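Q: Take a look at the letters that make up each chain.
Number of protein chains: 2
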Amino acid sequence: MKENEPAKGVWPPAATPFHPDLSIDFERYIAHCHALLADGAHGLAVLGTTSEANSLDLGEREVVLERLVAAGIGAEKLLPGTGASSIGDAVRLTRHAASLGARGVLLLPPFYYKGVSDDGLFAFVSELIGRVGKSNLKIYLYNFPQMSGISWSPALVGHLIKSFPKTVVGLKDSSGDVAYMNRLLESYPGFNVFPSSEALLLAAMKKGAAGCISATANTQAGAIRALYDGWQGAEAEALSRAASAVRLLMQKFPLIAGVKAVIAERTKTPDWARVRPPLDPLSPAQRKELVAELSRLEAGAPA
Amino acid sequence: MKENEPAKGVWPPAATPFHPDLSIDFERYIAHCHALLADGAHGLAVLGTTSEANSLDLGEREVVLERLVAAGIGAEKLLPGTGASSIGDAVRLTRHAASLGARGVLLLPPFYYKGVSDDGLFAFVSELIGRVGKSNLKIYLYNFPQMSGISWSPALVGHLIKSFPKTVVGLKDSSGDVAYMNRLLESYPGFNVFPSSEALLLAAMKKGAAGCISATANTQAGAIRALYDGWQGAEAEALSRAASAVRLLMQKFPLIAGVKAVIAERTKTPDWARVRPPLDPLSPAQRKELVAELSRLEAGAPA
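Residue numbers (our numbering), protein chains in the order written: chain A, 240 to 542; chain D, 240 to 542.
Since the hints were made in silico from the structure, they are not lab data. It is possible that some hints are incorrect.
Copies of one chain are not kept apart here, so a pair can be met inside one copy or by any two copies together.
List time: in silico DSBU-like cross-link candidates among lysine-lysine, alpha-carbon distance up to 30 Å [unchecked claim]:
hint : residue 1 : residue 2
1    : 527       : 401
2    : 527       : 353
3    : 507       : 316
4    : 247       : 527
Keep in mind the model is a prediction, meaning the values are calculated, not measured.
Chain A on its own, in the form it takes in the complex (with noise of 0.2 Å):
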């Protein structure tokens, strides 16, 4: 994986552990992120949804990516959210992470106004590109609408790779919507696409996908990584069945705040579980039957 060749394979999108005061555990947080890079993530999508990033602070964003490489994480490993509502915020963001040498950004739409058009949308992205001013830039648009409440239209998106075609490589799809990311597989050949889910991951690969950016890496990014690997194989449907059983178990919880109970069931680190606020972490009940049905399919129970 070379510096300048676009992103693929499993990225999970770390989450991130607070102490009993909301502050990041950088500590575990870093622990973690070299877990999941040891247990086969070609690289990390930190400060994403699953992150919990637009609940941390401007400035908190920017010091998770420098202590990440200060850790010895190599920042062409870094594939960092870094929108924002505001041209200026997500600038700020951009230009940080490209100057730290990131691999690439993950983008959000500008998030607060809604109903707003492509052209919008496209000098926002325009208008970020200009002021960040680094030739080395590499955006992935992140298309969340279920959060973010607007969509990068597969018009907009092929407007965007014309327009930019050096800087604008690929899109995570967390909308869930296969016909759309379908479409733009189909659409937009060597654009880079990654599902949210492992579950759709197989079928998307056939189609051209370059990997997954999944919540549920956080707990299966060994398993992810296998399905990825050895997707043509002749074990390909039976690890797509069971990197996908995991998450559709996990899908039915609260997918954050389960992430983070899992995690925290593993490492027997009941902080782990904290979310900040407006998220709640799971029931004791909740946690309880998560665990269980977790335990029972790794045991090899029928999915």
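Place chain D on chain A using the hints.
A: Chain D alone, transformed into the frame defined by chain A:
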């Protein structure tokens, strides 16, 4: 109007003009704010949705307040929006506004994560109040689910009033949901509720509303002030009809761009029509239509 009394009356959410490079045009901005006060506004709900506050970066939002105070507009006449997706950023803005002596702050809920619980929102506000740590802080909740994707439910509003009776003192309702607003007015007497439209003001005053924070107060602050002052008088219905007709006309167009287009027309300053991405300005045809219809209305044509 004493400093420690809650805000009442007409508080326009002052629009923010931009230079061609999209930086804030402070000269025109301050002139506009002075004009609104001269026209009868009791104060200014700056840095709201109409102000494109969420398209300003955090530093700009602080500078705006400092420039207004430096220009001789007393901080007790300011009710700035200080909401943000993260507690840390919201604390920074809220503390800054309170330190300047602002009458209060308008607080959006955290607006990235959707489907969050009342408990999660309560924890957000509670944490914010604790961290800001200023006994003079007055919070007006800002309810605009069409933009934020989150509502302050009546039950949560009641819980906040009960928990922070000296701090959570009002709410601006931009939902347009009259049943919601009436429920707040009926459930929490003494709580300062502001409808976001002058078309709702007369009926709301009869139920105990505190005043009006309306986008279109940028273009008819005087008419709204007359209605506020005269809501119990013989002319109340006529004043309400006239102000409402203007509002209903302007609502037919994108509201923020329309407000700025009208200011541009009246001040003969085309630059006033500029908006920041992701918003779009009115098209030339829309602008021409709005200006023409507004002229007809002001010339006394039947609404």
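Q: Tell me, which hint numbers fail for this structure?
A: Per hint list: 1 and 4 violated.
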